[in-house]
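Student: Given the sequences, and given the hints that come with them, work out the whole structure.
So the sequence lines, in the order shown, correspond to chains A and B.
Going by this note's numbering, the first residue of the first sequence is number 1, and it counts up by one from there.
Going by this note's numbering, the first residue of the second sequence is number 1, and it counts up by one from there.
Please note: incorrect hints may appear among the correct ones.
Claimed, not checked - Per label pair, the in silico range of CB-to-CB distance:
1) B:Ser-19 - A:His-50: 51 to 61 Å
2) B:Tyr-59 - A:Ala-114: 22 to 32 Å
3) A:Arg-392 - B:Pro-250: 50 to 60 Å
4) A:His-50 - B:Pro-268: 28 to 38 Å
5) A:Thr-18 - B:Gly-155: 24 to 34 Å
6) A:Cys-381 - B:Pro-250: 23 to 33 Å
7) B:Tyr-59 - A:Thr-18: 46 to 56 Å
8) B:Glu-244 - A:Ala-95: 55 to 65 Å
9) B:Asp-361 - A:Cys-381: 37 to 47 Å
10) B:Asp-361 - A:Ala-95: 43 to 53 Å
11) A:Leu-358 - B:Thr-7: 21 to 31 Å
12) B:Asp-356 - A:Cys-381: 16 to 26 Å
13) B:Asp-345 - A:Asp-97: 52 to 62 Å
Keep in mind the hints are simulated off the structure, nothing from the lab.
For glycine and all other residues, C-beta sits at the position ideal for the given N, C-alpha and C.
There are 2 protein chains.
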Amino acid sequence: VTAAGETGRLCVGLISGTSADGIDAALVRIAAAAPRVELIAFESSPYPPHVRDELMALYDPAASNAVARLCSLNVVVGDLFASAALGVCRQAGIAADQVWVIGSHGQTVWHQPATDPLLPLSVPSTLQIGEPAVIAERTGAPVVADFRTADMAAGGQGAPLVPYFDWAVLRDPARTRAVQNIGGIGNVTCLPAGGDLASVRAFDTGPGNMVIDALVTLLTGGAQTYDRDGRLATGGRVDGDLLERLLREPYFETAPPKTTGREEFGMPYARRLMEGYGLAAGSLAPEGGATEAERARVRNLIATATALTARSIADAYRRWLPAIDEAIVSGGGSRNPVLMAMLADLLAPVPVLTLDALGIDGRAKEAMAFALMAHDALMGCPTNVPGATGARRAVPLGKLVPPGRRADPLA
Amino acid sequence: VTAAGETGRLCVGLISGTSADGIDAALVRIAAAAPRVELIAFESSPYPPHVRDELMALYDPAASNAVARLCSLNVVVGDLFASAALGVCRQAGIAADQVWVIGSHGQTVWHQPATDPLLPLSVPSTLQIGEPAVIAERTGAPVVADFRTADMAAGGQGAPLVPYFDWAVLRDPARTRAVQNIGGIGNVTCLPAGGDLASVRAFDTGPGNMVIDALVTLLTGGAQTYDRDGRLATGGRVDGDLLERLLREPYFETAPPKTTGREEFGMPYARRLMEGYGLAAGSLAPEGGATEAERARVRNLIATATALTARSIADAYRRWLPAIDEAIVSGGGSRNPVLMAMLADLLAPVPVLTLDALGIDGRAKEAMAFALMAHDALMGCPTNVPGATGARRAVPLGKLVPPGRRADPLA
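Tutor: Written out as structure tokens, the structure is:
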């Protein structure tokens with residue numbers, strides 16, 4: 001076993017999100033003492049298009065030969081995850097067999113935290129592929145994989161899991177922190193000052209960038225897919241009446257734990273919002289020839305959608321969190337200065353920092369989290385957060401695949 | 001850890017075969033010394049019909065929502081496996097948390113040892129369901145599951161795996177043994193006298209009961225599904241010309257390692273055989289009114305099919321095995337006295353024993369094998385047999401799921 005003392009153990013974390021863009025790999029050094037996880041290398045590898053197409057095909061309820069295709073895809077994706085692990089080691093000049101453990105989230109192909117009444121025999125369940133035995137074989141490292149099933153077996157929703165990382169790495173003995181991620185969806189982890197794992201709460205605050213992104217995509221006819229640097233929102237004015245109406249959405253008043261997603265705040269939501277505001281798709285397309293009044297209206301709507309994200313976050317803190325001393329923001333939304341300014345206004349005098357400002361690369365956070373969960377699982381620690389997933393109790397997550405080959409099993 | 005000394009560790013093995021009839025559970029005591037595995041209790045639980053229907057539905061290439069259904073079924077089947085493990089412990093009056101490890105093969109829903117040229121992205125792969133995290137949660141025992149993937153990652157066919165049990169339990173320092181299972185398909189494990197794991201060879205010899213069963217089912221119009229006690233074959237005479245023709249099937253001359261199945265020796269094969277012999281389906285049906293000549297012809301055909309199994313086994317030994325000192329037969333075929341007599345004739349003077357005569361319950365063998373593989377995997381032993389699967393080397397098989405809860409983690 002690699003000495004854990006001063007230097008810590010080398011671990012790799014691997015994940016591909018539900019959008020199935022590609023695989024994030026983080027090589028980290030993990031120690032028992034703060035800061036616990038130190039990033040050594042990070043690499044994001046897009047899926048080859050034919051693999052992504054095949055993954056997307058499985059979402060089609062009418063896909064033929066789905067079980068046979070899933071069976072192959074499990075190995076194909078596992079092979080790509082192995083390559084991602086080897087790649088991030090190569091980048092850092094580290095031999096893969098020096099890696100103490102690889103934590104692989106895999107690729108989610110289905111996740112139903114609740115029963116689907118339209119399907120026979122439906123039960124809460126989740127399905128990740130990316131065969132860890134293939135990763136173990138190609139890297140020679142032990143692999144911990146398939147983290148969500150044990151939480152669900154203990155009555156949880158199997159998500160979110162990253163709050164474990166937040167608690168392990170970002171908790172503070174004296175300050176209560178809200179760790180806010182703003183991806184497509186916004187989610188917060190609340191870390192009470194000096195609190196243990198049982199004190200941690202986490203839930204989705206509502207839309208993150210999803211509504212803004214969808215509006216920008218619709219209104220520019222696809223010429224832009226997000227509001228880069230908040231440029232569109234900057235020139236707009238928040239429509240206060242519309243904002244108050246949007247905040248009446250029942251999700252915001254539901255008590256946590258709770259999750260939301262594309263079903264609620266995806267493209268159909270944005271389209272209704274756009275049409276209700278009297279705008280048509282492509283209004284801001286390069287060839288659209290919009291009038292100045294139309295352009296102003298577009299900017300106002302984007303500003304209002306940005307305010308929706310900021311307000312829903314601030315409202316959620318007021319409603320469901322204890323008084324916080326600090327908010328730490330990561331995700332694409334942390335790079336939108338309009339959104340960040342709105343959030344700072346709403347939370348003042350509580351300081352709003354970015355995760356990057358704390359020296360943690362936000363892009364690598366999820367992959368780092370699975371490296372940490374794999375490491376701590378091997379140490380015998382429960383790694384789910386019942387206050388986030390709703391599980392009956394803390395349980396160890398993941399299945400261990402022993403290394404297929406190691407030059408020296410004691411190395 | 002339960003003391004392993006005199007008494008051994010309590011382990012449970014679970015499997016459901018590809019026919020998806022139901023779950024076999026064996027509670028065993030495993031020790032380092034011979035006989036290594038001692039059966040304490042065995043129970044076979046049929047799947048509830050609606051679960052079996054849903055499993056079968058997944059084989060339909062046109063099944064809709066297959067991925068969502070598989071996702072749920074993984075948990076539903078895991079839950080039934082957990083119940084089977086708890087059931088066999090209850091039967092023996094043993095608390096589930098006294099079990100040291102559960103080895104769960106799971107339910108195979110797809111297995112393609114070779115690439116399927118008709119499917120995009122097809123690679124050798126295998127897919128077992130029956131979520132082990134659910135078994136660990138409900139039993140409180142650690143679970144080792146998903147044994148076939150690591151062998152395939154090491155270049156093997158992922159099957160057969162039971163030869164590991166044969167070697168561990170049935171090898172002899174002085175006698176070379178052929179351990180012959182006669183299920184639907186016949187398969188043999190050759191254990192050279194005093195040989196190590198690398199010396200073991202295993203392959204499918206050809207049809208076991210499959211052709212006999214299919215003929216009986218066809219000819220009796222389903223009134224009988226197998227030749228109970230060899231009664232039909234007893235009154236028949238082997239057609240030597242036909243037998244020689246059948247033995248020219250290329251499979252028999254292919255060098256091992258090799259596998260065969262329903263594709264080759266299933267119902268279409270039996271139907272061709274029946275029709276080529278001038279017999280019609282239902283000839284021997286209760287209401288068939290067959291002439292005495294027809295009845296004799298039916299018996300001759302069944303006797304010939306029985307001889308095909310016996311000859312293909314004996315020929316395979318002569319062609320591919322070293323000189324054997326003993327044959328040990330298990331499976332349904334070991335209860336067909338005509339088949340056993342033919343085999344004894346062909347192999348004489350080599351004695352032909354049954355597994356049951358050695359004090360090992362043949363019905364429980366597969367489930368016992370997965371208990372043993374789980375146990376030995378936790379001991380750090382490779383448990384695949386490269387001479388059986390074609391893997392590049394011996395590797396540990398299975399993924400370890402830690403127990404979700406244990407009153408005392410050191411118990």
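Student: Next, verify each hint and record whether it holds.
Tutor: Verification of the hints:
{"no.": "1", "hint": "B:Ser-19 - A:His-50: 51 to 61 Å", "in the structure": "violated (35 Å)"}
{"no.": "2", "hint": "B:Tyr-59 - A:Ala-114: 22 to 32 Å", "in the structure": "holds (27 Å)"}
{"no.": "3", "hint": "A:Arg-392 - B:Pro-250: 50 to 60 Å", "in the structure": "holds (57 Å)"}
{"no.": "4", "hint": "A:His-50 - B:Pro-268: 28 to 38 Å", "in the structure": "holds (35 Å)"}
{"no.": "5", "hint": "A:Thr-18 - B:Gly-155: 24 to 34 Å", "in the structure": "holds (32 Å)"}
{"no.": "6", "hint": "A:Cys-381 - B:Pro-250: 23 to 33 Å", "in the structure": "violated (56 Å)"}
{"no.": "7", "hint": "B:Tyr-59 - A:Thr-18: 46 to 56 Å", "in the structure": "violated (28 Å)"}
{"no.": "8", "hint": "B:Glu-244 - A:Ala-95: 55 to 65 Å", "in the structure": "holds (59 Å)"}
{"no.": "9", "hint": "B:Asp-361 - A:Cys-381: 37 to 47 Å", "in the structure": "holds (41 Å)"}
{"no.": "10", "hint": "B:Asp-361 - A:Ala-95: 43 to 53 Å", "in the structure": "holds (48 Å)"}
{"no.": "11", "hint": "A:Leu-358 - B:Thr-7: 21 to 31 Å", "in the structure": "violated (55 Å)"}
{"no.": "12", "hint": "B:Asp-356 - A:Cys-381: 16 to 26 Å", "in the structure": "violated (47 Å)"}
{"no.": "13", "hint": "B:Asp-345 - A:Asp-97: 52 to 62 Å", "in the structure": "holds (55 Å)"}
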